[in-house]
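Chemist: Sequence:
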Amino acid sequence: MDVSDIGALTFDVFGTVVDWRGSVVREGERLGAQKGFDVDWPSFADDWRNDGYTGGMDRVRRGDLPWMKVDALHRLKLDQLLEEHGITGLTEAETDHFNRVWHRLTPWSDVLEGLERLSKGFVLASLSNGNMSLLTNMAKNAGIHWDCVLSAELSGHYKPDPEVYKAAADLLGFRTDQVLMVAAHKADLRGAQGAGLRTAYVTRPDEFGPEGHVDMAPDPSFDVSATDFIDLAAKLGV
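Numbering (our numbering), first residue to last: 702 to 939.
Treat the hints as calculated values from the structure; they're not laboratory data.
Mixed in with the good hints, there may be bad ones.
To be verified - Computed beta-carbon distance windows for the label pairs:
(1) E793 <-> D878: 39 to 49 Å
(2) E912 <-> K841: 30 to 40 Å
(3) S705 <-> E785: 50 to 60 Å
(4) K841 <-> E730: 16 to 26 Å
(5) G897 <-> V939: 15 to 25 Å
(6) N751 <-> R731: 18 to 28 Å
(7) T807 <-> M833: 15 to 25 Å
(8) M702 <-> R731: 37 to 47 Å
Unchecked claim - When the alpha-carbon atoms are kept at most 25 Å apart in a straight line, the in silico BS3-like pairs for lysine-lysine are as follows:
(9) K867 <-> K770
(10) K887 <-> K770
(11) K821 <-> K841
(12) K936 <-> K821
(13) K841 <-> K770
(14) K887 <-> K867
(15) K887 <-> K936
(16) K736 <-> K778
Ideal Cβ positions, reconstructed from N, Cα and C, are used throughout, including at glycine.
Could you build all of it, start to finish, from the sequences and the hints given here?
Modeler: If you want it as structure tokens, here you go:
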């Protein structure tokens, strides 16, 4: 693709930059071993993500919940999951620490090298539904060096609402068509397209674990497709 007018790359984070599922499962297994809980942690992680995160945002959009940060949505679902799985006896500090596992997610193996290469040619910013403190802590913990941490929180909307993408371009000082949205999720990219951004699809076949299904069918409407961030850097000429 012609990248001569691209000034910034914005990145989806959960699933695109970090392995949310594997990270949550590993911390859950450690907690279970310490406390003696016998829990199906992969199912726990899936429920936390699908109903707590995605479902929580849908409830905010419908007006069933007031606007709230993703940390708060995660906690609402965590309290429910702890009860459903018979996980009792945790102190408030222990529960809060586990809720903040989302601040400590591990990046995919190609991410740090790929971002270092991409930073030589572009401004790099997160653009996630995760709240600002979550994204800041995650980046610091994982050694991810964004030029700018941006969150949907700044617009008072969640992706794929167009306000999120337009606000990001404005905050970075670029026209929307000068910003390339990078994501492993097609709905996110289509939302970005609708707001006028360019799009880069990066496949993450292991996002939902070995038994999970990921739609990796080519979509020619995206400006570029890549297998990982290193491949993306090569395709963008850096």
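Chemist: Hint by hint, work out which the structure violates, then give me just those numbers in ascending order.
Modeler: none
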